[in-house]
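There are 2 protein chains.
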Amino acid sequence: MAAPKSTRVRRNGQFSDKERAAVYRAIFERRDVREHFLPAPIPDDVLLRILQAAHHAGSVGFMQPWNFIVIREPSTKRAVKDLFLKANGEAAARYQGTRAALYRRLKLEGIEEAPISLCVTCHRQRGGRHVLGRSTVRDTDLYSTCCAIQNLWLAARAEGVGVGWVSILDHEALKQVLGIPRPVKVVAYLCLGYVSEFAPHPDLERAGWRARLPLEQLVYQEQWGAPSGMSEEEG
Amino acid sequence: MAAPKSTRVRRNGQFSDKERAAVYRAIFERRDVREHFLPAPIPDDVLLRILQAAHHAGSVGFMQPWNFIVIREPSTKRAVKDLFLKANGEAAARYQGTRAALYRRLKLEGIEEAPISLCVTCHRQRGGRHVLGRSTVRDTDLYSTCCAIQNLWLAARAEGVGVGWVSILDHEALKQVLGIPRPVKVVAYLCLGYVSEFAPHPDLERAGWRARLPLEQLVYQEQWGAPSGMSEEEG
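Keeping their order, the protein sequence lines are chains A and B.
Counting from 1, position 114 in the first sequence corresponds to residue 777 in this note's numbering; the numbering is continuous, with no gaps.
Counting from 1, position 205 in the second sequence corresponds to residue 868 in this note's numbering; the numbering is continuous, with no gaps.
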């Protein structure tokens, strides 16, 4: 497979203002989508572009530890939905009162509505015994896989495809459903499909579950806890 | 802090062809940068945009578990460089023969050359006792933090800022250097700076350390190991 044309860096490597704005647009308008999925199929060339984006994340030691299982079969989705219902019933029982009521009203997955489910895995032995850069932090292969997922998520947004990450699943049971061998870890189960709209704000923010934290509280200078003095107003 | 203007989704939510191409350009031209850093400082407004991009990743239960420690002090960078030298000496000893010689020739960090080091952490207790969506897969907070890092990496590329992820560090020792408390995990130590060029291909690919895997080998259909039948030529 030839490298995508866009890997050829233009001479000065600069992005125009419009290009830069488009990158930020994808970042700020990306959503974790659980509703508004349309039944229209995702064409193979679009899906391949999105997967190619994932595959072009960096990885520790150039390990490229990811695999992508594309699921379209309703029976498989139903089996995964059953895993969700079981795990979510247990999760809901942890909340009480109004919080429990709010939790039960939230839509937390679109497994059967989205035309494609995508299971993203990390093969922990792909690089052989010694993976460059992984000797001190063993989980950097998982971190690389998450970076690939974010590439996929942003590429999908640019294609008009919504992506929802279903985290409320027993991954060992999911591995049974999909025949995933022992040294391979499930990192994400994603639902992909064109959508009628992208919500203007994250679902949990709109539902009043949690508020967005002010960035300036999250940025320190030199040492943990030391205010950075930066604020968007001044910036 | 007001939400960035670009969070306002345009009515149809569609990206133009040019916008879409810009997103893919950032994805395909992003590099893990260890050399070619320029001493020019990164203005605060540029750094804030890049951090705002990170902060707009999705997070499990809208937990936003990340913090960002911006490091400019040469003495702190020197202390971290010493941690790298120790961990890298141990890592290099794992290779033999020509592989060992190649390993020792690779440049694996730009800690002292890059004007800013950025330590990205994950506060594992931020969301309280029960974080929505995190009951079955405890590490989803780390996964969210990695998604934030990829946002940051792509935004930086669009700004002309190179980012290098230094993974060859003892994170417990790094926490001592930066005063990071116990329930907070270091996810990444990044080096940021404007660069004279972005390499056309990943350093480890160019050096012949490992080759890029063909995407079609990494994509399965319905079950682990079942060929997808998709290929870029047909797509």
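It should be emphasised that the hints constitute simulated quantities derived from the structure, not laboratory data.
Every residue gets a Cβ at the ideal spot worked out from N, C-alpha and C, and that includes glycine.
Fair warning: there could be bad hints in the mix.
To be verified - Just so you have them, the derived chain B footprint on chain A, three or more residues with Cβ under 8 Å: (1) 682-694; (2) 711-719; (3) 730-738; (4) 754-763; (5) 772-780; (6) 790-798; (7) 827-837.
Results for each hint:
1. 682-694: Since three or more residues must qualify, the claim that chain B covers the region 682-694 of chain A holds, with 13 doing so at under 8 Å.
2. 711-719: holds (count 7)
3. 730-738: It holds: at least three residues are needed, and the region 730-738 of chain A offers 7 whose Cβ sits within less than 8 Å of chain B.
4. 754-763: Satisfied; 3 residues make the cut.
5. 772-780: Our answer is that it is violated, as 0 residues pass the Cβ test (under 8 Å) against chain B, missing three.
6. 790-798: Held - the region 790-798 of chain A has 6 residues with a Cβ nearer than 8 Å to chain B, which meets the minimum of three.
7. 827-837: holds (count 6)
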